[in-house]
Amino acid sequence: MAPKETSTPNIDRRSALRNALHRLVDVTEQSQELITQAWENLREEYHDYAIAEEEKEPPEYAEYFPIWTLSHLPHLKLRLILETVYGDHWKAEVTTNRNEAATRARSAERLGLRNYWELYLFFGPLVVKSRHCWSSLPENLDARDILAHLARNRDNRGPLTHYTVREFTAACRAWKSPRRLPSFRILFSVS
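All letters in the sequence shown, in the order written, are residues 478 to 668 by the working numbering.
Rather than coming from a laboratory, the hints here were simulated on the basis of the structure.
Take these hints with a grain of salt, some might be off.
[Unchecked claim] Simulated crosslink set (DSS-like; lysine-lysine; CA at most 27 Å straight-line): (1) 568 <-> 554; (2) 568 <-> 606; (3) 606 <-> 554; (4) 653 <-> 606.
[To be verified] Restraint-style ranges between C-beta atoms, simulated for each label pair: (5) 643 <-> 528: 22 to 28 Å; (6) 492 <-> 572: 36 to 42 Å; (7) 637 <-> 511: 27 to 33 Å; (8) 514 <-> 619: 28 to 34 Å.
In this text the structure is predicted, and so the values were computed from the model without any measurement.
All C-beta atoms in this analysis are idealised placements derived from N, C-alpha and C, irrespective of residue type, glycine included.
Please model the entire structure based on the sequences and the hints provided.
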């Protein structure tokens, strides 16, 4: 057995995060339960890492998990993971009406996402389920813009909890106001 690393806490957290990412990738051919557990573990490790980095980064750093994930997981692997983790929710809450599913797909495209599964990554199941969230998206809005607003205006809840419909609609309303939000696209470019 290899000796335990005796490095700084930030390096240990970075290693734990990297290990969680590798575990998630390794289980993508496994059961839904294992993939979901690995996904939640990755979210928790990222949160712990972000908290450790908080002295160097803005306090909302932990909210940028979607950006980090897009840059660390291949597109098709991420899609498979999100579909596995949120597929039951999608079938039960969205695809009961074909128009609802099509609306989410169009919304994802308008927000600059590669597919509707990434709506779950950025906003969570409560927002994806809500018809109200997708009925009146402002023009020229990017998912990263909404995420930046959500991160800055987070209710006093833990960062691992999913966003609420109220939080999402407030972010969209803020975008419609005369004083537009600064664009998040300047800070992060994910291709």
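Okay, the hints, checked on the actual structure:
1. 568 <-> 554: holds, 20 Å
2. 568 <-> 606: holds, 10 Å
3. 606 <-> 554: holds, 23 Å
4. 653 <-> 606: holds, 22 Å
5. 643 <-> 528: 22 to 28 Å: holds, 25 Å
6. 492 <-> 572: 36 to 42 Å: holds, 40 Å
7. 637 <-> 511: 27 to 33 Å: violated, 19 Å
8. 514 <-> 619: 28 to 34 Å: holds, 31 Å
Hint check: a violation occurs at hint 7 only; the rest are consistent with the structure.
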